[in-house]
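Peer 1: So you can see what is in the structure, the chains are spelled out below.
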Amino acid sequence: DAKTTQPPSMDCAEGRAANLPCNHSTISGNEYVYWYRQIHSQGPQYIIHGLKNNETNEMASLIITEDRKSSTLILPHATLRDTAVYYCISQRRGQNFVFGPGTRLSVLP
Amino acid sequence: GAVVSQHPSRVICKSGTSVKIECRSLDFQATTMFWYRQFPKQSLMLMATSNEGSKATYEQGVEKDKFLINHASLTLSTLTVTSAHPEDSSFYICSARDGGPSVDTQYFGPGTRLTVL
Numbered sequence: 001d002a003k004t005t006q007p008p009s010m011d012c013a014e015g016r017a018a019n020l021p022c023n024h025s026t027i028s029g030n031e032y033v034y035w036y037r038q039i040h041s042q043g044p045q046y047i048i049h050g051l052k053n054n055e056t057n058e059m060a061s062l063i064i065t066e067d068r069k070s071s072t073l074i075l076p077h078a079t080l081r082d083t084a085v086y087y088c089i090s091q092r093r094g095q096n097f098v099f100g101p102g103t104r105l106s107v108l109p
Numbered sequence: 110g111a112v113v114s115q116h117p118s119r120v121i122c123k124s125g126t127s128v129k130i131e132c133r134s135l136d137f138q139a140t141t142m143f144w145y146r147q148f149p150k151q152s153l154m155l156m157a158t159s160n161e162g163s164k165a166t167y168e169q170g171v172e173k174d175k176f177l178i179n180h181a182s183l184t185l186s187t188l189t190v191t192s193a194h195p196e197d198s199s200f201y202i203c204s205a206r207d208g209g210p211s212v213d214t215q216y217f218g219p220g221t222r223l224t225v226l
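Protein chains in written order, with the numbering used here: chain A, 1 to 109; chain B, 110 to 226.
Hints are computed from structural coordinates only; laboratory data are not their basis. Predicted model, so just to flag it, every value in this text is computed and none were measured. Any given hint could turn out to be false.
Stated by the list, open to error - Under 10 Å between C-beta atoms, here's a sample of chain A residues computed to sit facing chain B: (1) Gly43; (2) Pro44; (3) Gln45; (4) Gln91; (5) Arg93; (6) Gly94; (7) Gln95; (8) Phe97.
What the hints assert, rightly or not - Some chain A residues close to chain B (C-beta under 10 Å, calculated; not the full set): (9) Cys12; (10) Gly15; (11) Ala17; (12) Tyr32; (13) Tyr36; (14) Thr83; (15) Tyr87; (16) Asn96; (17) Val98; (18) Phe99; (19) Pro101; (20) Ser106.
As the list claims (entries may be wrong) - Here are the simulated SDA-like cross-link-like pairs (lysine to any residue), alpha carbons at most 25 Å apart as the crow flies: (21) A:Lys52 with A:Ile63; (22) A:Lys3 with B:Val128; (23) B:Lys150 with A:Lys52; (24) B:Lys173 with A:Asn19; (25) B:Lys175 with B:Gln151.
Using N, Cα and C, we set each Cβ at its ideal position, and we do this for glycine too.
Generate the whole structure from the sequences, applying the supplied hints.
Peer 2: See the structure below:
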């Protein structure tokens, strides 16, 4: 079973920020938080990962709470191409990824 | 970013035949590759972990004699579905782990859609 929980679906207006939450209340100190997304009929695409600190790259920002029990993926200016299923995964080095059902994000025009 | 390719992207075969799917890491070496299966409207399910030069590790419920995995080099892993049946029709996705000094980021291929008639 996945060790994270996410809302099943979310909508976001095009051009606005999309904030996708993830709960990982049982995360251990050496587990990373990874985010991937899967556009229909494609393989998952790596977005970002983090351990304790907030992270930002060209795709998104990852905000991890101080207690590490939850995180938020932020897409600063969502476009229609960001419509996808977003997966949040917590994983310790050497451990396999376990994919939950993810959040289906719909970006609306 | 790291690129993983899969071939073929789509295959249709008759029941009872075997199908081979290739997974290649194009710009990095991957000592570990993974094979997943995804049925419609479901999430990815790990089938097996493939380590270069050794036998694959299969998840519970996955038949190793039916899903043959070979990881002969640091950039290539193959999955052969033997004696395919209609229930094997699915979306098969591979990933390659870029094992840096502290993280295990996986990069995924585009997937192979298998249809068994």
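Peer 1: Does each hint fit the structure? Answer for all of them.
Peer 2: How the hints compare with the structure:
1. At a threshold of 10 Å, the smallest CB-CB gap from Gly43 (chain A) to chain B is about 4 Å, leaving the interface hint in force.
2. For Pro44 (chain A), the interface hint holds, since its Cβ comes within 10 Å of a Cβ in chain B; the closest pair sits about 5 Å apart.
3. About 7 Å separates the beta-carbon of Gln45 (chain A) from the nearest beta-carbon of chain B, less than 10 Å, and the hint is met.
4. Because the smallest distance between the Cβ of Gln91 (chain A) and any Cβ of chain B comes to about 7 Å, under 10 Å, the interface hint for this residue holds.
5. Taking 10 Å as the C-beta cut-off, the interface hint given for Arg93 (chain A) holds, the closest approach to chain B being about 5 Å.
6. A hinted interface residue such as Gly94 (chain A) counts as satisfied when its beta carbon comes closer than 10 Å to some beta carbon of chain B; here the least separation is about 7 Å, so the hint holds.
7. Residue-level restraint check for Gln95 (chain A) holds (minimum Cβ-Cβ distance to chain B is 8 Å; threshold 10 Å).
8. Taken as an interface hint, Phe97 (chain A) checks out: its beta carbon lies about 6 Å from the nearest beta carbon of chain B, inside 10 Å.
9. With a cut of 10 Å, the hint placing Cys12 (chain A) at the interface with chain B is violated, because the nearest CB-to-CB distance is about 21 Å.
10. Violation of the interface hint for Gly15 (chain A) is found here, the shortest Cβ-Cβ separation to chain B being roughly 25 Å, above the 10 Å cut-off.
11. Interface restraint check: Ala17 (chain A) against chain B, minimum CB-CB distance 23 Å, threshold 10 Å, status violated.
12. A hinted interface residue such as Tyr32 (chain A) counts as satisfied when its beta carbon comes closer than 10 Å to some beta carbon of chain B; here the least separation is about 6 Å, so the hint holds.
13. About 8 Å separates the beta-carbon of Tyr36 (chain A) from the nearest beta-carbon of chain B, less than 10 Å, and the hint is met.
14. Given the 10 Å rule on beta carbons, the hint for Thr83 (chain A) is violated: about 16 Å separates it from the nearest Cβ of chain B.
15. At a threshold of 10 Å, the smallest CB-CB gap from Tyr87 (chain A) to chain B is about 8 Å, leaving the interface hint in force.
16. Residue-level restraint check for Asn96 (chain A) holds (minimum Cβ-Cβ distance to chain B is 6 Å; threshold 10 Å).
17. Because the closest C-beta pair between Val98 (chain A) and chain B is about 8 Å apart, less than 10 Å, the hint holds.
18. About 4 Å separates the beta-carbon of Phe99 (chain A) from the nearest beta-carbon of chain B, less than 10 Å, and the hint is met.
19. Nearest Cβ of chain B to the Cβ of Pro101 (chain A): about 5 Å, under the 10 Å cut. The hint holds.
20. Hint on Ser106 (chain A) is violated. Least Cβ distance to chain B is approximately 15 Å, over the 10 Å limit.
21. Taken as a hint, the Lys52 (chain A) and Ile63 (chain A) pair is honoured in the structure, with Cα atoms around 9 Å apart against an allowance of 25 Å.
22. Our distance criterion of 25 Å between C-alpha atoms is broken by Lys3 (chain A) and Val128 (chain B), whose separation comes to about 34 Å.
23. The straight-line distance between the Cα atoms of Lys150 (chain B) and Lys52 (chain A) is roughly 32 Å, outside the 25 Å bound, and the hint therefore fails.
24. Between Lys173 (chain B) and Asn19 (chain A) the alpha-carbon distance is near 41 Å, which puts this suggested pair outside the 25 Å criterion.
25. Taking the CA atoms of Lys175 (chain B) and Gln151 (chain B), the gap is near 22 Å; set against the 25 Å cutoff, the hint holds.
Violated hints for the displayed structure, listed by number in ascending order: 9, 10, 11, 14, 20, 22, 23, 24.
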